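> Below are the chains, spelled out letter by letter.
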Amino acid sequence: MTELEILVNGEPRRVPGPATAADLLRHLGLDARAVVVELNRQIVRRPHLGDTALANGDAVELVHFVGGG
Amino acid sequence: MRIEKRITVYLSVMTTVHTEPTTDLPLTIGGRSFRSRLMVGTGKYRDNGQMARAIEASGAEIVTVAVRRVDLDRTKADGILYHLSPDQYFLLANTAGCYTPDEAVRYARLAREAGFNEFVKLEVIGDRDTLLPDTQGLLTATRELAREGFTVLAYTNDDLITALRLEDAGAAAVMPLASPIGSGLGLLNPYGIRTIKSRLSVPVIVDAGVGTASDACLTMEQGVDGILMNTALAEARDPVVMAWAMRLAVEAGRSAYLAGRMPRRETAVPSSPVAGMLE
Chain A
1 MTELEILVNG EPRRVPGPAT AADLLRHLGL DARAVVVELN RQIVRRPHLG
51 DTALANGDAV ELVHFVGGG
Chain B
1001 MRIEKRITVY LSVMTTVHTE PTTDLPLTIG GRSFRSRLMV GTGKYRDNGQ
1051 MARAIEASGA EIVTVAVRRV DLDRTKADGI LYHLSPDQYF LLANTAGCYT
1101 PDEAVRYARL AREAGFNEFV KLEVIGDRDT LLPDTQGLLT ATRELAREGF
1151 TVLAYTNDDL ITALRLEDAG AAAVMPLASP IGSGLGLLNP YGIRTIKSRL
1201 SVPVIVDAGV GTASDACLTM EQGVDGILMN TALAEARDPV VMAWAMRLAV
1251 EAGRSAYLAG RMPRRETAVP SSPVAGMLE
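Keeping their order, the protein sequence lines are chains A and B.
Numbered per my numbering, the first sequence spans residues 1 to 69.
Numbered per my numbering, the second sequence spans residues 1001 to 1279.
In short, the hints are calculated from the structure, not lab data.
Note that the coordinates shown come from a computational prediction; the quantities given were computed from them, not determined experimentally.
Using N, Cα and C, we set each Cβ at its ideal position, and we do this for glycine too.
Incorrect hints may have been included.
Unchecked claim - Beta-carbon label-pair distances, calculated as ranges:
no.: 1; chain 1: A; residue 1: Asn40; chain 2: B; residue 2: Glu1056; range: 39 to 45 Å
no.: 2; chain 1: B; residue 1: Ser1201; chain 2: A; residue 2: Pro47; range: 34 to 40 Å
no.: 3; chain 1: B; residue 1: Asp1238; chain 2: A; residue 2: Gln42; range: 43 to 49 Å
no.: 4; chain 1: A; residue 1: Gly29; chain 2: B; residue 2: Pro1190; range: 49 to 55 Å
no.: 5; chain 1: A; residue 1: Asn40; chain 2: B; residue 2: Pro1086; range: 27 to 33 Å
no.: 6; chain 1: A; residue 1: Arg13; chain 2: B; residue 2: Leu1248; range: 49 to 55 Å
no.: 7; chain 1: B; residue 1: Asp1024; chain 2: A; residue 2: Leu7; range: 50 to 56 Å
Work the whole structure out from these sequences, hints included.
This is the structure we're talking about:
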């Protein structure tokens, strides 16, 4: 089991590897239906979360809708 | 709570007794039709329960949301969709907080990926103190997003030329401000708003600055297609009652516009007969 060092929402994180974007969401306890994932500035569409592998140094953004005008 | 019950009673009375003497067309934006001409934001409420009750009282169908990072520490409340059903409301994502066209386009794409619709309330802000729009950046982002198939509702100032250029750039609706975001200063330039409305083919929705019901009514009386507001509700002492007041004000202003007001005169004209007075 290797560890991946990635940036998640701007914060460095170590996650068990190898990991896909879907694995990361599970690791963080997030519901894939309620989150949009961006990997290195590219959106990862939901059907592709499970086949998008993460690599050391990747920058992941996880966003959702919050209150706003 | 007692006042909310009273509103419910008013609502039931309105729906049973009140018959509308005029039929208004639905508000159509980007091929979708809406009954309510009042749109509301979801920010700055004291709690999510109050937000949900206020939005319900407003009768709004379109509600705005913002795109932000998920809080991985979970110290804050969860996403808005845990408190607001996307089946009940039409979610209009904004690009609030974006200062460049690239940033706004990035946020719009993320919002669309959430999977609800292709609408975006486009904001490209030019100044942190006034939150006035960067109209150059706004035009650039509107062109790009329209090209990508978005239905762009562009938040802009009260300038006619910018509004015309936004329409040319592919905006599905133009959203001039009444006054700066969160200011509650009301409708500062009725002439500007009227002029924009008279010259554009796409819907004109006044966004930002409305502070109280009279502002909303006066704004609708200019003939615009709708109003979007957030702070006027969220920062009212009682947001639920203010939401109800705004609903009535928007309907009143719209009806008054459709009715056509009497001319303004500089002299008095008696309302009672001049003839038939006692000697």
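> Compare the structure with each hint and give your call.
Taking the hints in turn, this is what the structure says about them:
1. Distance hint for asparagine 40 of chain A and glutamate 1056 of chain B: a CB-CB separation of about 41 Å, consistent with the stated range 39 to 45 Å.
2. For serine 1201 of chain B and proline 47 of chain A, the Cβ-Cβ distance of about 38 Å falls inside the hinted range of 34 to 40 Å, so the restraint holds.
3. Range check, aspartate 1238 of chain B to glutamine 42 of chain A: about 45 Å between beta-carbon atoms, so the 43 to 49 Å window is met.
4. Between glycine 29 of chain A and proline 1190 of chain B, the C-beta spacing of about 51 Å keeps the proposed range 49 to 55 Å intact.
5. For asparagine 40 of chain A and proline 1086 of chain B, the hinted distance range of 27 to 33 Å is satisfied, since their beta carbons lie about 29 Å from each other.
6. For the pair arginine 13 of chain A and leucine 1248 of chain B, the beta carbons lie near 50 Å from each other, so the given range of 49 to 55 Å is met.
7. For the pair aspartate 1024 of chain B and leucine 7 of chain A, the supplied restraint of 50 to 56 Å holds, since their beta-carbon distance comes to about 51 Å.
In summary, the structure agrees with every hint in the numbered list given earlier.
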